[in-house]
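Here the protein sequences line up with chains G and P, keeping their order. Quick note on numbering: UniProt numbering labels position 26 of the first sequence as 26, and the sequence is numbered without any gaps. Quick note on numbering: UniProt numbering labels position 279 of the second sequence as 279, and the sequence is numbered without any gaps.
Since the hints were made in silico from the structure, they are not lab data. The structure displayed is predicted, hence computed values, not measured ones. Glycine included, each C-beta is placed from N, C-alpha and C at the ideal position. Honestly, I wouldn't trust all of these hints.
Claimed, not checked - Just a sample of chain G residues kept apart from chain P, beta carbon distances all over 10 Å, derived:
(1) T95
(2) L190
(3) V202
(4) I211
(5) L220
Stated by the list, open to error - Here are the simulated distance ranges between beta carbons:
(6) G:A179 - P:P14: 24 to 34 Å
(7) P:R179 - G:L204: 29 to 39 Å
(8) P:H90 - G:G7: 40 to 50 Å
(9) G:G109 - P:P14: 44 to 54 Å
(10) G:A139 - P:G58: 13 to 23 Å
(11) P:A129 - G:G194: 22 to 32 Å
Claimed, not checked - On the chain G side, residues computed to face chain P include the following (Cβ under 8 Å):
(12) Y191
(13) S193
(14) R197
(15) P205
What follows is each chain in one-letter form.
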Amino acid sequence: MAGLGTGRAVLFVVPALALIAAFLVFPALWTLYLGVLKYDLAGSNAAAPQFVGLGNYTDALTDPRFANSVLLTLAFVGLSAVLGQNGLGFLLAATLRRAVGWVRMLVNGLVLLSWILPGTVVVFLWQALLDRNGGTLNALLDTPGAAWTLDHPLATIVVFNIWRGTAFSMLLYSAALDAVPTSHLETARLYGSGPLRTFRDVVLPRIRGHILTNTLLITLWTFNDFTPYMLTGGGPEHRSETLPVYVYRMSIEGGQLGFGSAISLIMLVINLVIALFYLRLLRRRGG
Amino acid sequence: MATIELAALEKTYPGGVRAVDGLSLTIGDGEFFALLGPSGCGKTTLLRTIAGLEEATGGSLSIGEREVTRLAPGQRDVAMVFQDYALFPHMTVLDNIAYPLRIKRVARAARHEKARQTGDGLELAELMARRPAELSGGQQQRVALARAVVAHPSAFLFDEPLSNLDARLRLSARTFLKRLQRELGVTTIFVTHDQAEALAMADRIAVMEAGRIRQVGTPREVFGRPANTFVANFIGSTPMNLLPATVTDHRLLLAAGSLPAPSGLGARREVTVGIRPEYLDFSATAVPDALSGTVGIVEHLGTSSLVTLETDGGPIGVVVPEEAEPAAGSTGWAVPRPGRVLLYDNETGDLLPT
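Can you build the whole structure from these sequences, using the hints too?
Shown next, in the form of structure tokens:
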């Protein structure tokens, strides 16, 4: 056998495996364990957690607040990531290709800025924008006193997340479009194909893989995104309480660590299902 | 079928680069026309301007009596074959060929029928269900040609059609392309940087340099009587000998010897003599009206050899039949064939009438 030989190869891999075990596998198993306990942050259940089996899971699945949270998450992911970031990202990538140099640089720079700024900074800016009294948006629209985060909590976090995350889709699609040879587009054009037709016949089949990969990534990221909490706190009346926010409020604010762990695991399962669905679509492309 | 007419056609890029500099040219109906020149001479830009992929910044262009200068590419009724063939990887050969018909909304059965017929004519019958990635370079080229043929355009535009093929295939593709063009009789313009390709295939050639046409003519004219030293240098697989000479009474004095001067040179004193190595005969013994030197390098060209004579005025190339190859180091004389000595103006580089 060429290379290091098994002994030394194992030696090289062990530190990485140890780190993964300590920070990934152990917490995951610990979460699994906590999920079957009635384990609270304080009180008698903190000192002596009670074994409840699947009790936490049945509690969650019958909790209308959990169902509400799942629906909100699906709406949040569907509107802000799958439609919003995907669509706007592609549109920006496609239009900027034809724009003059400085316009492209400017728009690219601004879009990227919203992506690379720390979440806390960004949320602070958005609070200044949406503030009921003296917020920038109200000044711009001449709607003094409009309480955006209270009246339209879901719309707020959807628009916020589109603004926040479009850069990634834009970058990915811009690279994908670069991979479509100009001669292919020109061939279609020479035979009289219009822009839409060319997109459908020539561009789309070529970037299908990119679209699926991008959608998979932004779906998972948005699904697990916690930033909306900093903007609306999940409220009012749980109207922007996506799953990560729900978990946080249950386990940290409500102190029910066992219950929170159970929901985390359910989230993990949902994530897996989503990932498998996309990977299946991706694989079908080869056949 | 169409005549293509360029009138003072111009393409200047926003940066001020003039890729096509006021060209006027008429390409006859059914002609196989080559745009030849080194990289960056504007030949591809000119082809793309004719296709409408680049917008002309001046002058006019008509294809078959129809002024098309401002028309979109899709309305010009031309088909282009790109250097990379531009076959759609996700479509079968059949769908690729049928694509122009699909855009014209021809019904599925009819367009497949038509595509099959065209494919048959180009020896693609067995490959219809394959994807482009499963084809050889030559097959891909034929698919691209079939797709152009099926569109039934008034003109074909080929951008370096043979450059993606390996050397051996290139020769057979040359013959194949020429036959196809002759059979279809469709006006065709092709771009190439390979002078041998242009000489072999084209009915007429335009040699370009820096956005301008330096000479338009049949392969015979362009090869035999280059209009200037640029064309003389560019055309021919062995470079033309270009030698400085002084004119005295009826003689051309060169460093390597003297030749009879043609009449009608007027008061001119200094000229450049141009003789192709193929138009020089080699002699191992001294002869009058010849250029002499020492035999240096001998390069084998197959049935002949290129002999370089080292002379006082620099090297002179002579093509010698294989059986008459001289030994290196011996003295040799190069005798121009009658009527093959060309004279060029030293300042303008233009051919002098003789």
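Hints, verified against the model:
1. Even its closest Cβ contact with chain P, about 20 Å, leaves T95 of chain G beyond 10 Å, as expected for a residue assigned away from the interface.
2. With a least beta-carbon separation of about 5 Å from chain P, L190 of chain G fails to lie farther than 10 Å from that chain, contradicting its non-interface assignment.
3. Listed as outside the interface, V202 of chain G is inconsistent with that label: its C-beta sits roughly 6 Å from the nearest C-beta of chain P, within the 10 Å cut-off.
4. At the 10 Å boundary, the C-beta of I211 of chain G stays outside the reach of chain P, the nearest C-beta of that chain being 14 Å off.
5. Residue placement check: L220 of chain G keeps its beta carbon more than 10 Å from all beta carbons of chain P (closest about 27 Å).
6. Checking the proposed 24 to 34 Å range against A179 of chain G and P14 of chain P shows it holds: the Cβ atoms sit about 26 Å from each other.
7. About 38 Å separates the C-beta atoms of R179 of chain P and L204 of chain G, a value consistent with the hinted range of 29 to 39 Å.
8. Between H90 of chain P and G7 of chain G the Cβ separation comes to about 48 Å, which falls inside the hinted range of 40 to 50 Å.
9. Between G109 of chain G and P14 of chain P the Cβ separation comes to about 23 Å, which falls outside the hinted range of 44 to 54 Å.
10. Between A139 of chain G and G58 of chain P the beta carbon distance is about 51 Å. The supplied range of 13 to 23 Å is therefore violated.
11. A hinted range of 22 to 32 Å for the beta carbons of A129 of chain P and G194 of chain G is consistent with their spacing of about 29 Å.
12. Given hint, Y191 of chain G at the interface with chain P, holds; its Cβ is 4 Å from that chain's nearest Cβ, closer than 8 Å.
13. At about 5 Å, the closest approach between the beta carbon of S193 of chain G and any beta carbon in chain P falls short of 8 Å, and the interface hint on this residue holds.
14. The beta carbon of R197 of chain G is positioned within 8 Å of a beta carbon in chain P (closest approach about 7 Å), and the interface hint is therefore held.
15. Because the smallest distance between the Cβ of P205 of chain G and any Cβ of chain P comes to about 4 Å, under 8 Å, the interface hint for this residue holds.
Comparing the model with each earlier hint shows violations of hints 2, 3, 9, 10; every other hint is respected.
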